[in-house]
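Novice: Numbered per our numbering, the sequence shown spans residues 433 to 612.
Hints may contain errors.
Keeping only pairs whose Cα atoms sit at most 25 Å apart, straight-line, the calculated DSS-like set for lysine-lysine is [to be verified]:
1. K555 with K519
2. K499 with K519
3. K502 with K555
FRET-style restraints, in silico, Cβ to Cβ [said to hold, decoys possible]:
4. L451 with L578: 34 to 44 Å
5. L451 with T586: 36 to 46 Å
6. K499 with Y466: 48 to 58 Å
7. P553 with T586: 45 to 55 Å
8. Q596 with L473: 18 to 28 Å
9. M559 with P464: 42 to 52 Å
10. K499 with P538: 20 to 30 Å
11. V456 with K499: 46 to 56 Å
12. L477 with L562: 21 to 31 Å
13. L451 with F539: 13 to 23 Å
14. R510 with A472: 32 to 42 Å
Bear in mind the hints are in silico, worked out from the structure with no lab data behind them.
Backbone N, C-alpha and C define an ideal beta-carbon position, used for all residues, glycine too.
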Amino acid sequence: LPKLSFISAISILPIVLLLGLIDVVQMLPIEPTYRSAATALIVILFIVSALPWLVSQSIGHSTLSGKKKKWIDELTERAGLGNTPVKIWRTNYRNMNAMAIGFISPFRTLFLSDQLVAELPPKQLAMVLLHEASHLKRQHLPIRLLCTIPIWVTAAAFSPWLEQHQGIASLTTVMCMVLT
């Protein structure tokens, strides 16, 4: 598969996949309450497992090697991240950035841009890595997701009404995703 650009991977593909899954659930011949529950479950499972994997696979990356890999692995171990992989995000040395993807151990990865790894002194690189590790350790992503629950609960509450007004359900789903 060709590698997608970072913007495409983050904004387009996961949303299309998720909306497709939700549309399939909405077509099932089951009670609206069960459809809402199934939709919520799909969204949660998608966010926890599929989205981090998809984004990770869509970003051009390579693995570390040599002394730098050993040093970074020791640093992530000391930070309490265990075997969380750290990968080089290939940006053609145009981007000095880092990010943590996923929040459950088997599905998370830390990315350090190629320019960041090439140009930062070890102490500064360690600080960037530890900053990203703190996002994972302090559960920043799950906390943000919890803050979106009221939006999804409101949408689920209107689910029976939406059933009677076909065509609005997908629009409402997109609006909920934009608001979150």
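Novice: Which of the listed hints are broken here?
Specialist: 4 and 5
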